[in-house]
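Sequential numbering from 1 applies to the sequence shown in full-length UniProt numbering.
Derived from the structure by calculation, the hints contain no laboratory data.
Treat the hints with caution; some may be incorrect.
[As the list claims (entries may be wrong)] Pairwise CB distance ranges (calculated):
hint	residue 1	residue 2	range
1	I32	L101	35 to 43 Å
2	E77	I167	49 to 57 Å
3	E116	K185	38 to 46 Å
4	D189	F45	18 to 26 Å
5	L122	K175	45 to 53 Å
6	E79	E41	21 to 29 Å
7	K21	K228	43 to 51 Å
8	A110	K152	37 to 45 Å
9	E79	L149	34 to 42 Å
[Claimed, not checked] Heads up, simulated SDA-like pairs for lysine to any residue below, C-alpha to C-alpha not over 20 Å straight-line:
hint	residue 1	residue 2
10	K48	H69
11	K124	K38
12	K190	V227
13	K30	P115
14	K78	N126
Each residue gets a CB set at the ideal place from its N, CA and C atoms; glycine is no exception.
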Amino acid sequence: MKDVFIVNPKSGKNSQYELIKEIKEHFQGKRIIIEKTKGPEHATFIAKKYALSNEPVHLFVCGGDGTLHEVINGCAEKENVTISVIPIGTGNDFVKYFEDLKREDFLNLANYSEPEYTDCDLIKVNGEYSINTVSFGFDVEVAKQVNELKKKMPTEGIIPYALSALISLRKPICKEYQIQVDTKKLPKDKYGFLVFANGKYYGGGFKPCPDANIDDGWMDVCLISNVKRHQIIKLAKNTKKEITFNTQI
(Lines of atoms letter the chains of each structure in order from A and count residues from 1; the text may use other names and numbers.)
(Lines give C-alpha, C1' and ligand atoms only; values in the text may rest on other atoms or scores of the structure.)
Protein backbone atom coordinates (compact mmCIF):
# COMPACT_ATOMS: atom_id res chain seq x y z
CA MET A 1 0.00 0.00 0.00
CA LYS A 2 1.26 3.48 -0.87
CA ASP A 3 1.48 6.01 1.97
CA VAL A 4 0.79 9.48 0.55
CA PHE A 5 1.05 12.60 2.72
CA ILE A 6 -0.97 15.52 1.33
CA VAL A 7 0.44 18.62 3.02
CA ASN A 8 -1.16 22.06 2.93
CA PRO A 9 1.79 24.50 3.15
CA LYS A 10 -0.51 27.22 4.53
CA SER A 11 -1.57 25.09 7.52
CA GLY A 12 0.63 25.07 10.60
CA LYS A 13 3.46 27.01 8.96
CA ASN A 14 5.56 26.82 12.10
CA SER A 15 5.20 23.05 12.48
CA GLN A 16 4.94 21.61 8.97
CA TYR A 17 8.69 21.52 8.34
CA GLU A 18 9.19 19.60 11.57
CA LEU A 19 6.29 17.33 10.59
CA ILE A 20 7.82 16.52 7.19
CA LYS A 21 11.12 15.75 8.92
CA GLU A 22 9.32 13.42 11.35
CA ILE A 23 7.47 11.71 8.49
CA LYS A 24 10.71 10.95 6.67
CA GLU A 25 12.36 9.67 9.85
CA HIS A 26 9.41 7.62 11.12
CA PHE A 27 8.59 5.99 7.78
CA GLN A 28 12.23 5.47 6.83
CA GLY A 29 12.58 2.47 4.53
CA LYS A 30 8.91 2.56 3.52
CA ARG A 31 7.54 3.79 0.24
CA ILE A 32 6.16 7.22 1.08
CA ILE A 33 5.13 10.12 -1.13
CA ILE A 34 4.83 13.72 0.08
CA GLU A 35 2.57 15.97 -2.00
CA LYS A 36 2.33 19.68 -1.20
CA THR A 37 -0.80 21.50 -2.32
CA LYS A 38 -0.30 24.57 -4.50
CA GLY A 39 -3.68 26.27 -4.18
CA PRO A 40 -7.44 25.81 -3.83
CA GLU A 41 -8.78 22.38 -4.93
CA HIS A 42 -5.28 21.02 -5.57
CA ALA A 43 -5.77 18.54 -2.71
CA THR A 44 -8.85 17.23 -4.57
CA PHE A 45 -6.76 16.74 -7.71
CA ILE A 46 -4.03 14.89 -5.78
CA ALA A 47 -6.51 12.62 -3.97
CA LYS A 48 -8.35 11.84 -7.21
CA LYS A 49 -5.08 10.92 -8.94
CA TYR A 50 -4.35 8.19 -6.41
CA ALA A 51 -7.97 7.10 -5.98
CA LEU A 52 -8.40 6.49 -9.70
CA SER A 53 -5.29 4.31 -9.82
CA ASN A 54 -7.36 1.61 -8.09
CA GLU A 55 -4.23 0.60 -6.15
CA PRO A 56 -4.48 0.48 -2.33
CA VAL A 57 -3.44 3.88 -1.00
CA HIS A 58 -3.34 5.45 2.46
CA LEU A 59 -3.84 9.22 2.25
CA PHE A 60 -2.59 11.21 5.23
CA VAL A 61 -4.30 14.62 5.24
CA CYS A 62 -1.86 17.12 6.78
CA GLY A 63 -3.86 20.31 7.14
CA GLY A 64 -7.14 21.59 8.50
CA ASP A 65 -10.80 20.90 7.81
CA GLY A 66 -10.61 22.65 4.42
CA THR A 67 -7.84 20.35 3.21
CA LEU A 68 -9.75 17.32 4.49
CA HIS A 69 -12.86 18.49 2.65
CA GLU A 70 -10.93 18.75 -0.61
CA VAL A 71 -9.36 15.31 -0.20
CA ILE A 72 -12.74 13.71 0.52
CA ASN A 73 -14.10 15.19 -2.70
CA GLY A 74 -11.24 13.60 -4.61
CA CYS A 75 -11.74 10.06 -3.36
CA ALA A 76 -15.31 9.69 -2.03
CA GLU A 77 -16.75 6.18 -2.45
CA LYS A 78 -13.43 4.73 -3.66
CA GLU A 79 -12.83 1.49 -1.74
CA ASN A 80 -9.08 1.44 -2.40
CA VAL A 81 -8.51 4.55 -0.27
CA THR A 82 -7.88 4.78 3.48
CA ILE A 83 -7.71 8.23 5.08
CA SER A 84 -5.94 9.46 8.20
CA VAL A 85 -5.91 13.04 9.47
CA ILE A 86 -2.86 14.81 10.85
CA PRO A 87 -4.53 18.01 12.12
CA ILE A 88 -2.14 20.94 11.66
CA GLY A 89 -4.89 23.39 10.69
CA THR A 90 -6.63 26.04 12.78
CA GLY A 91 -10.02 24.54 13.62
CA ASN A 92 -9.57 20.79 13.12
CA ASP A 93 -13.23 20.23 13.96
CA PHE A 94 -13.66 16.81 12.38
CA VAL A 95 -11.10 15.07 14.61
CA LYS A 96 -12.80 16.52 17.71
CA TYR A 97 -15.49 13.91 17.08
CA PHE A 98 -13.09 11.32 18.51
CA GLU A 99 -13.45 12.63 22.04
CA ASP A 100 -11.26 9.95 23.64
CA LEU A 101 -8.31 11.21 21.62
CA LYS A 102 -6.39 14.46 21.88
CA ARG A 103 -4.92 16.43 18.97
CA GLU A 104 -1.48 15.23 20.06
CA ASP A 105 -2.61 11.63 19.51
CA PHE A 106 -3.28 12.40 15.85
CA LEU A 107 0.05 14.20 15.52
CA ASN A 108 1.98 11.27 17.01
CA LEU A 109 3.10 9.29 13.95
CA ALA A 110 3.83 6.21 16.08
CA ASN A 111 0.07 5.75 16.47
CA TYR A 112 -0.23 4.98 12.75
CA SER A 113 1.89 1.83 12.97
CA GLU A 114 -1.12 -0.24 14.01
CA PRO A 115 -4.12 2.01 13.29
CA GLU A 116 -7.74 1.30 14.20
CA TYR A 117 -10.10 1.70 11.25
CA THR A 118 -13.65 3.05 11.22
CA ASP A 119 -16.18 3.61 8.47
CA CYS A 120 -17.50 7.12 7.95
CA ASP A 121 -20.67 8.43 6.33
CA LEU A 122 -20.66 11.40 3.97
CA ILE A 123 -23.21 14.14 3.27
CA LYS A 124 -23.74 14.96 -0.41
CA VAL A 125 -25.13 18.33 -1.53
CA ASN A 126 -25.41 19.24 -5.22
CA GLY A 127 -22.71 16.74 -6.14
CA GLU A 128 -20.24 17.88 -3.44
CA TYR A 129 -19.36 15.77 -0.41
CA SER A 130 -18.94 16.80 3.21
CA ILE A 131 -17.46 14.55 5.89
CA ASN A 132 -18.35 16.78 8.84
CA THR A 133 -21.17 19.35 8.57
CA VAL A 134 -23.17 21.40 6.08
CA SER A 135 -24.59 24.68 7.32
CA PHE A 136 -26.63 27.70 6.27
CA GLY A 137 -27.32 30.98 7.99
CA PHE A 138 -25.33 33.61 9.84
CA ASP A 139 -22.13 31.57 10.14
CA VAL A 140 -22.03 31.06 6.37
CA GLU A 141 -22.49 34.80 5.80
CA VAL A 142 -19.50 35.44 8.06
CA ALA A 143 -17.42 32.86 6.16
CA LYS A 144 -18.29 34.53 2.84
CA GLN A 145 -17.27 37.89 4.24
CA VAL A 146 -13.98 36.40 5.50
CA ASN A 147 -13.16 35.21 2.00
CA GLU A 148 -13.86 38.66 0.61
CA LEU A 149 -11.68 40.35 3.23
CA LYS A 150 -8.80 37.93 2.69
CA LYS A 151 -8.72 38.96 -0.97
CA LYS A 152 -8.10 42.54 0.16
CA MET A 153 -6.14 41.91 3.38
CA PRO A 154 -3.09 39.65 3.74
CA THR A 155 -3.99 39.21 7.42
CA GLU A 156 -4.36 35.74 8.95
CA GLY A 157 -5.64 34.67 12.35
CA ILE A 158 -8.75 35.97 14.06
CA ILE A 159 -8.78 39.54 12.67
CA PRO A 160 -10.63 38.76 9.39
CA TYR A 161 -13.21 36.72 11.32
CA ALA A 162 -13.85 39.45 13.91
CA LEU A 163 -14.25 42.11 11.22
CA SER A 164 -16.48 39.83 9.14
CA ALA A 165 -18.72 39.13 12.13
CA LEU A 166 -19.14 42.87 12.74
CA ILE A 167 -19.98 43.49 9.08
CA SER A 168 -22.44 40.58 9.01
CA LEU A 169 -24.18 41.83 12.17
CA ARG A 170 -25.28 44.91 10.23
CA LYS A 171 -27.39 42.70 7.97
CA PRO A 172 -30.53 40.70 8.87
CA ILE A 173 -29.41 37.69 10.91
CA CYS A 174 -32.35 35.41 10.18
CA LYS A 175 -33.71 34.43 6.77
CA GLU A 176 -36.83 32.50 5.85
CA TYR A 177 -36.37 28.84 4.97
CA GLN A 178 -38.69 25.98 4.13
CA ILE A 179 -37.26 22.83 5.75
CA GLN A 180 -38.21 19.22 5.18
CA VAL A 181 -36.47 16.46 7.13
CA ASP A 182 -37.37 13.00 5.80
CA THR A 183 -41.18 13.15 5.52
CA LYS A 184 -41.53 15.91 8.12
CA LYS A 185 -42.22 19.27 6.45
CA LEU A 186 -41.77 22.14 8.86
CA PRO A 187 -43.64 25.45 8.62
CA LYS A 188 -41.71 28.28 6.99
CA ASP A 189 -39.68 30.12 9.60
CA LYS A 190 -36.79 32.55 9.90
CA TYR A 191 -33.63 30.80 11.05
CA GLY A 192 -30.26 32.18 12.07
CA PHE A 193 -28.43 28.85 12.12
CA LEU A 194 -29.14 25.62 10.21
CA VAL A 195 -26.62 22.81 10.68
CA PHE A 196 -26.81 19.37 9.07
CA ALA A 197 -24.27 17.19 10.82
CA ASN A 198 -22.37 13.98 10.35
CA GLY A 199 -19.75 14.95 12.94
CA LYS A 200 -20.34 16.74 16.25
CA TYR A 201 -18.27 19.91 16.02
CA TYR A 202 -17.97 22.88 13.70
CA GLY A 203 -16.85 26.51 13.72
CA GLY A 204 -13.79 25.92 15.91
CA GLY A 205 -15.47 24.31 18.91
CA PHE A 206 -19.25 24.74 18.61
CA LYS A 207 -21.20 21.51 19.13
CA PRO A 208 -24.57 21.85 17.36
CA CYS A 209 -25.39 18.13 17.27
CA PRO A 210 -23.86 16.38 20.31
CA ASP A 211 -25.49 13.03 19.47
CA ALA A 212 -24.20 12.86 15.90
CA ASN A 213 -22.46 9.62 14.93
CA ILE A 214 -20.27 9.43 11.84
CA ASP A 215 -21.14 5.83 10.97
CA ASP A 216 -24.80 5.38 11.93
CA GLY A 217 -26.28 6.27 8.52
CA TRP A 218 -28.18 9.26 9.97
CA MET A 219 -27.79 13.00 9.56
CA ASP A 220 -28.48 15.08 12.67
CA VAL A 221 -30.11 18.49 12.22
CA CYS A 222 -29.88 21.61 14.38
CA LEU A 223 -32.19 24.54 13.61
CA ILE A 224 -32.10 27.81 15.58
CA SER A 225 -34.72 30.46 14.88
CA ASN A 226 -35.41 33.94 16.22
CA VAL A 227 -31.73 34.75 16.83
CA LYS A 228 -31.01 38.23 18.22
CA ARG A 229 -27.87 40.31 17.70
CA HIS A 230 -27.07 40.43 21.42
CA GLN A 231 -27.17 36.62 21.49
CA ILE A 232 -24.59 36.46 18.68
CA ILE A 233 -22.33 38.90 20.52
CA LYS A 234 -22.66 36.95 23.77
CA LEU A 235 -21.82 33.73 21.94
CA ALA A 236 -18.78 35.31 20.30
CA LYS A 237 -17.47 36.49 23.67
CA ASN A 238 -17.72 33.02 25.19
CA THR A 239 -14.16 31.72 25.55
CA LYS A 240 -15.28 28.22 26.52
CA LYS A 241 -13.69 25.63 24.25
CA GLU A 242 -16.90 23.66 23.73
CA ILE A 243 -20.32 25.27 23.22
CA THR A 244 -23.30 22.94 22.83
CA PHE A 245 -26.48 24.09 21.10
CA ASN A 246 -29.71 22.85 22.67
CA THR A 247 -32.08 23.31 19.71
CA GLN A 248 -32.07 20.11 17.71
CA ILE A 249 -34.39 17.75 15.77
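* Confirm or reject the claim that E79 and E41 have a C-beta distance inside 21 to 29 Å. => holds, 23 Å
* Asked: Does the Cβ distance between K21 and K228 fall inside 43 to 51 Å?
  -> holds, 50 Å
* For the pair we were handed, K190 and V227, check the Cα-Cα distance against 20 Å. => holds, 9 Å
* **Agreement of K30 and P115 with the hint, judged by alpha carbon distance not exceeding 20 Å** => holds, 16 Å
* Asked: Is it true that E116 and K185 lie within 38 to 46 Å of each other by Cβ?
  -> holds, 40 Å
* D189 versus F45 beta-carbon gap, inside 18 to 26 Å or not -> violated, 40 Å
* Asked: Hey, K124 versus K38, does the alpha-carbon distance stay inside 20 Å?
  -> Distance of about 26 Å is beyond 20 Å: violated.
* Asked: Could one say that the CB atoms of I32 and L101 fall in the range 35 to 43 Å?
  -> violated, 23 Å
* Asked: Hey, K78 versus N126, does the alpha-carbon distance stay inside 20 Å?
  -> Holds, at about 19 Å.
* Asked: Is the Cα-Cα distance between K48 and H69 20 Å or less?
  -> Given that 20 Å is the threshold and the Cα spacing comes to 13 Å, the pair holds.
* Go ahead and decide if the range 34 to 42 Å is satisfied by the Cβ distance of E79 to L149. => holds, 41 Å
* Asked: Per the hint of 45 to 53 Å, is the separation of the Cβ atoms of L122 and K175 within bounds?
  -> About 26 Å separates the Cβ atoms of L122 and K175, which means 45 to 53 Å is violated.
The structure does not agree with the numbered hints 1, 2, 4, 5, 11 stated previously, though it agrees with the rest.
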